[in-house]
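Peer 1: Going down the list, the sequences are from chains A and B. So for the first sequence, our numbering puts the first residue at 276; every next one is plus one. So for the second sequence, our numbering puts the first residue at 65; every next one is plus one.
Hints are computed from structural coordinates only; laboratory data are not their basis. Check each hint, because a few of them may be wrong.
Unchecked claim - DSS-like mimics (lysine-lysine), calculated; alpha carbons at most 30 angstroms apart, straight line:
(1) A:332 with B:176
(2) B:65 with B:106
(3) B:65 with A:276
(4) A:332 with B:65
(5) B:106 with A:288
(6) B:176 with B:106
(7) B:176 with A:276
Claimed, not checked - Just the calculated beta-carbon pair ranges, DEER-fashion:
(8) A:283 with B:133: 38 to 46 angstroms
(9) A:333 with B:120: 25 to 33 angstroms
(10) A:327 with B:133: 37 to 45 angstroms
(11) A:277 with B:105: 15 to 23 angstroms
Note that beta-carbon positions come from the ideal geometry of N, C-alpha and C, so glycine has one too.
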Amino acid sequence: KAGVTQTPRYLIKTRGQQVTLSCSPISGHRSVSWYQQTPGQGLQFLFEYFSETQRNKGNFPGRFSGRQFSNSRSEMNVSTLELGDSALYLCASSPLGGGAYEQYFGPGTRLTVT
Amino acid sequence: KQEVTQIPAALSVPEGENLVLNCSFTDSAIYNLQWFRQDPGKGLTSLLLIQSSQREQTSGRLNASLDKSSGRSTLYIAASQPGDSATYLCAVIPMAAGNKLTFGGGTRVLVKP
């Protein structure tokens with residue numbers, strides 16, 4: 276089975292621009308979660324989607340948004356980029372919601388904001 | 065608010081020595097606990113998942129224990145190898161939090177040949 280894939284792998288953007296990142300979960304998995312990883316804050320939860328519905332949201336400003344499609348693929352969007360948004364963005368997939376299942380992470384998208 | 069701590073932040077051992085990595089969490093109301101490995105600049109690789117009703121899980125040279133009442137988990141890696149050098153992260157899923165993982169800061173491990 277193919278693992279979790281994320282595109283693009285690397286991205287350089289300018290302050291004020293917006294960006295869209297994509298995540299394809301493992302086949303058959305319906306839950307996709309997004310995390311931001313920075314050296315200062317570590318791994319922080321952004322949001323979780325299950326069956327096209329946002330189930331959970333972390334403490335990030337409204338500039339961070341996401342969605343999930345009927346095939347479980349998910350996108351996250353960051354508008355009006357700030358320098359502090361530079362980070363590794365990771366997505367994780369799981370068969371179902373509810374917290375009972377192992378979660379599998381993708382390789383991440385490295386976003387650099389200049 | 066659930067907090068997860070991993071001490072020490074970094075660890076260096078000679079090849080062949082057993083590794084002991086610690087993880088503590090403040091709220092025992094967890095659904096499960098998962099250990100991950102992260103190589104520099106890469107994503108997370110799942111190592112072990114321990115359900116809250118379990119006391120330990122084993123996979124090859126890896127063994128993880130869970131003591132929910134004291135808020136502790138320990139990951140043991142037997143006979144360490146240079147390829148085990150990486151950052152190890154533990155994460156808990158609090159009750160009623162969906163799939164939201166709360167991570168510790170990680171322990172960076174270096175196994176010297």
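Peer 1: Compare the structure with each hint and give your call.
Peer 2: Right, here's what the structure says about each hint:
A C-alpha spacing of about 41 angstroms is found between residue 332 of chain A and residue 176 of chain B, which places the hinted pair above 30 angstroms, so the restraint is violated. For the given pair, residue 65 of chain B sits about 28 angstroms from residue 106 of chain B by alpha-carbon distance, which is consistent with the 30 angstroms threshold. Restraint check: the Cα-Cα separation between residue 65 of chain B and residue 276 of chain A comes to about 36 angstroms, which exceeds 30 angstroms; the hinted pair is violated. Distance hint between residue 332 of chain A and residue 65 of chain B is fulfilled; the C-alpha atoms sit about 15 angstroms from each other, no more than 30 angstroms.
Under the criterion of a C-alpha separation no larger than 30 angstroms, the hint pairing residue 106 of chain B with residue 288 of chain A is consistent with the structure, at around 20 angstroms. Pair hint residue 176 of chain B plus residue 106 of chain B holds up; C-alpha atoms about 21 angstroms apart against a cutoff of 30 angstroms. Taken as a hint, the residue 176 of chain B and residue 276 of chain A pair is broken in the structure, with Cα atoms around 34 angstroms apart against an allowance of 30 angstroms. Checked against the given bound of 38 to 46 angstroms, the beta carbons of residue 283 of chain A and residue 133 of chain B, roughly 45 angstroms apart, stay inside it.
Checked against the hint of 25 to 33 angstroms, the pair residue 333 of chain A and residue 120 of chain B passes, with Cβ atoms roughly 30 angstroms apart. One distance hint, 37 to 45 angstroms for the beta-carbon pair residue 327 of chain A and residue 133 of chain B, holds here, with the actual separation near 38 angstroms. The hint said 15 to 23 angstroms for the Cβ distance between residue 277 of chain A and residue 105 of chain B, and at roughly 21 angstroms that hint holds.
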